[in-house]
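K.L.:
Using the sequences plus the hints, can you model the full thing?
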Amino acid sequence: MPSVIVIGGGLAGLASAAALGGAGFDVDLFESRPFAGGRATSYELPGDTGTIDNCQHILLRCCVNLLDFYRRMGVEDQIEFHREFVFIEPGGRRSWLRTGALPPPLHFTGSFLKLNSLGLMDRIAIARGLLALRRERTRRTDLDRITMREWLLEKKQTPLAMRRFWDQVLVSAINEEPERMAALHGFQVFWLGFLASSNSYQMGVPRVPLGELYGAKAWERLPRVRLHFRSPVEALQMHDGRVNAALVRGERHTAAYYVSAVPVERAGALLPDLGVDFAAFSHSPITGIHLWFDREVTTLPHAALLDRTIQWMFNKDRGRYLQLVVSASRSLVETPREDVIRLAVSELAEFFPEVDQAELEKAHVVKEVRATFSAVPGLEGKRPLSKTAIPNLMLAGDWTRSGWPATMEGAVRSGYLAAEAVMDAAGRPGRALLPDIA
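The opening position of the sequence shown corresponds to residue 2 in our numbering, with each subsequent residue numbered one higher.
Note that these hints are calculated values from the structure, not bench results. Accuracy of the hints is not assured; some may be wrong.
Stated by the list, open to error - Derived lysine to aspartate or glutamate pairs resembling DMTMM-like cross-links, with alpha carbons at most 25 Å apart:
1) Lys388 <-> Asp241
2) Lys317 <-> Asp78
3) Lys317 <-> Asp274
4) Lys383 <-> Asp437
5) Lys317 <-> Glu137
6) Lys368 <-> Asp318
7) Lys156 <-> Asp143
8) Lys383 <-> Glu137
9) Lys383 <-> Glu362
10) Lys368 <-> Glu351
11) Lys157 <-> Glu351
12) Lys363 <-> Asp318
13) Lys157 <-> Glu266
14) Lys115 <-> Glu90
15) Lys317 <-> Glu362
16) Lys388 <-> Asp278
17) Lys388 <-> Asp69
18) Lys363 <-> Glu45
19) Lys368 <-> Asp241
20) Lys388 <-> Asp295
21) Lys157 <-> Glu180
22) Lys218 <-> Glu355
23) Lys388 <-> Glu213
24) Lys388 <-> Asp437
25) Lys383 <-> Glu369
26) Lys368 <-> Asp308
27) Lys317 <-> Asp295
28) Lys383 <-> Glu266
29) Lys317 <-> Glu355
30) Lys115 <-> Asp143
31) Lys363 <-> Glu335
32) Lys317 <-> Glu348
33) Lys363 <-> Asp278
34) Lys218 <-> Glu85
35) Lys368 <-> Glu213
Stated by the list, open to error - Label-pair ranges, simulated between beta-carbon atoms:
36) Met2 <-> Leu114: 18 to 28 Å
37) Gly92 <-> Arg222: 26 to 36 Å
38) Val209 <-> Gly382: 55 to 65 Å
39) Gly92 <-> Leu114: 20 to 30 Å
40) Pro430 <-> Asp241: 36 to 46 Å
Every residue gets a Cβ at the ideal spot worked out from N, C-alpha and C, and that includes glycine.
P.N.:
The structure is reproduced here in structure tokens:
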């Protein structure tokens, strides 16, 4: 069988390796770090703190390719799906979002009627906006040229509806502020996640640390795939218009085909001149805040926290260990660690009064400054396809043109598309990518 070298052990590279290994190709994956997963991984903290995820990563049921990847790894049973979201206002008042008996796109009607966090005019505006989105998603040609904020204002969304509904969902899903985000991506989130199916909104949270989802045991199912850690690819060597070797710590490694699955900030230096406008890509950060208390401060498994810097809370261990998430966290990038922790605890107490009675035993802050690319208007056409002008070199990565924004689903889709491109080039056409639910 043809051999393939995959460069990069993030989700895109892992998905490409899994698809190719499952199709019978011999795959060697080289990763510079000592673990797999890239920006969606876990690691041990010093002392007795244990294993933490670099940031809480979740998925929705509409993420069909990510779920397929977990099935390939044999870990789909490690994802716990939740059928309801709770939105909490400062002061503690709660609103619940869950589906009812009506068919899509009306399945949230009952919940919307009871959302305490929104007034009647806010709910009417949201309903009107969702119906407009459903109607316009295939008709408008300007969605990559305008921001989601411009579209929301065009649809006369109220300030409270934007802040407590649209923004709360969009910033977490796309890791960007609506005033910077292309409407194209906002449309996709609400169409696939909220309107297309009655269960596509359900949120999956891993029961185990992220690193365990693609640990060594999972790869025993794919013996043709070999993972090489602490093995950075330093350069690609070319001959007669093709890649003929990957240089790893000064040693040449050869294969018939190569898949580059490195982040966009690394791709420009590693790859030959492919005509990609790397300067068009900028980044948006995510901050994860881990807090350990001496007692239980909440029984909720997760919650969306409204009107504050902290956007989401995830209960990691009996209400004593919480992980907080701030997406598009530019305001925190330069903030000292102690100030971030102080802010998080102060805000958390506004939603959970028990925090004031608890002692903070330890805390950890993770700032992913280059967590995702910024999904700005006009970028979509500059995202490269998986096939390149070099016939045996393919691209993967959430920054490539996967059909999705920079999410775990987008990364896996890109890996599957690169694997399909290798299959085609090898004269063994196959399909790995699953179509969207609608």
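K.L.:
For each hint, tell me whether it holds in the structure or not.
P.N.:
Do the hints match the structure? See the list:
Between the alpha carbons of Lys388 and Asp241 the distance comes to roughly 18 Å, so the proposed pair stays at or under 25 Å and holds. Of the supplied pair hints, the one linking Lys317 and Asp78 holds, its CA atoms being roughly 18 Å apart against a limit of 25 Å. About 45 Å separates the Cα atoms of Lys317 and Asp274, which puts this hinted pair outside 25 Å; it is violated. With a CA separation close to 22 Å, the supplied pair Lys383 and Asp437 stays within the 25 Å bound.
Pair hint Lys317 plus Glu137 does not hold up; C-alpha atoms about 39 Å apart against a cutoff of 25 Å. A C-alpha spacing of about 22 Å is found between Lys368 and Asp318, which places the hinted pair at or below 25 Å, so the restraint holds. The straight-line distance between the Cα atoms of Lys156 and Asp143 is roughly 15 Å, inside the 25 Å bound, and the hint therefore holds. Between Lys383 and Glu137 the alpha-carbon distance is near 24 Å, which keeps this suggested pair within the 25 Å criterion.
Restraint check for Lys383 and Glu362: the C-alpha separation of about 47 Å exceeds 25 Å, so the hint is violated. Straight-line distance between C-alpha atoms of Lys368 and Glu351 comes to about 23 Å, which keeps the hinted pair within the 25 Å bound. The hinted pair formed by Lys157 and Glu351 fails the criterion: a straight-line CA distance of about 30 Å is larger than 25 Å. Among the hinted pairs, Lys363 with Asp318 is consistent with the structure: their alpha-carbon atoms are about 14 Å apart, no more than 25 Å.
At roughly 38 Å between alpha-carbon atoms, Lys157 and Glu266 are farther apart than 25 Å, so this suggested pair is violated. For the suggested pair Lys115 and Glu90, the alpha carbons sit about 14 Å apart, so the restraint of at most 25 Å is met. Restraint check for Lys317 and Glu362: satisfied, since their Cα atoms lie roughly 15 Å apart, inside the 25 Å limit. This hinted pair checks out: Lys388 and Asp278 have alpha carbons roughly 16 Å apart, not beyond 25 Å.
Taken as a hint, the Lys388 and Asp69 pair is honoured in the structure, with Cα atoms around 22 Å apart against an allowance of 25 Å. Straight-line distance between C-alpha atoms of Lys363 and Glu45 comes to about 15 Å, which keeps the hinted pair within the 25 Å bound. Our distance criterion of 25 Å between C-alpha atoms is broken by Lys368 and Asp241, whose separation comes to about 43 Å. For a cut-off of 25 Å, the pair hint linking Lys388 to Asp295 is broken: about 53 Å separates their Cα positions.
Simply put, Lys157 and Glu180 have alpha-carbon atoms about 15 Å apart, close enough for the 25 Å limit, and the pair holds. Under the criterion of a C-alpha separation no larger than 25 Å, the hint pairing Lys218 with Glu355 is inconsistent with the structure, at around 40 Å. Between Lys388 and Glu213 the CA atoms are separated by roughly 31 Å; this puts the pair beyond 25 Å, and the hint is violated. Restraint check for Lys388 and Asp437: the C-alpha separation of about 21 Å stays at or below 25 Å, so the hint holds.
Annotation: proposed proximity of Lys383 to Glu369 holds, straight-line Cα distance about 24 Å (limit 25 Å). Note on Lys368 and Asp308: the hinted pairing holds, with a Cα-Cα distance of about 21 Å set against a maximum of 25 Å. Between the alpha carbons of Lys317 and Asp295 the distance comes to roughly 14 Å, so the proposed pair stays at or under 25 Å and holds. Distance restraint check for Lys383 and Glu266: the Cα-Cα separation of roughly 15 Å lies within the 25 Å cut-off, and the hinted pair is therefore satisfied.
With a CA separation close to 17 Å, the supplied pair Lys317 and Glu355 stays within the 25 Å bound. The straight-line distance between the Cα atoms of Lys115 and Asp143 is roughly 34 Å, outside the 25 Å bound, and the hint therefore fails. With a CA separation close to 21 Å, the supplied pair Lys363 and Glu335 stays within the 25 Å bound. For a cut-off of 25 Å, the pair hint linking Lys317 to Glu348 stands: about 18 Å separates their Cα positions.
A threshold of 25 Å between alpha carbons decides the hint, and for Lys363 with Asp278 the separation of about 43 Å lies outside it, so the pair is violated. Pair hint Lys218 plus Glu85 does not hold up; C-alpha atoms about 32 Å apart against a cutoff of 25 Å. A threshold of 25 Å between alpha carbons decides the hint, and for Lys368 with Glu213 the separation of about 22 Å falls inside it, so the pair holds. Distance hint for Met2 and Leu114: a CB-CB separation of about 58 Å, inconsistent with the stated range 18 to 28 Å.
For the pair Gly92 and Arg222, the beta carbons lie near 49 Å from each other, so the given range of 26 to 36 Å is not met. About 39 Å separates the C-beta atoms of Val209 and Gly382, a value inconsistent with the hinted range of 55 to 65 Å. Between Gly92 and Leu114, the C-beta spacing of about 22 Å keeps the proposed range 20 to 30 Å intact. About 25 Å separates the C-beta atoms of Pro430 and Asp241, a value inconsistent with the hinted range of 36 to 46 Å.
Checked against the numbered hints above, the structure breaks hints 3, 5, 9, 11, 13, 19, 20, 22, 23, 30, 33, 34, 36, 37, 38, 40 and satisfies the rest.
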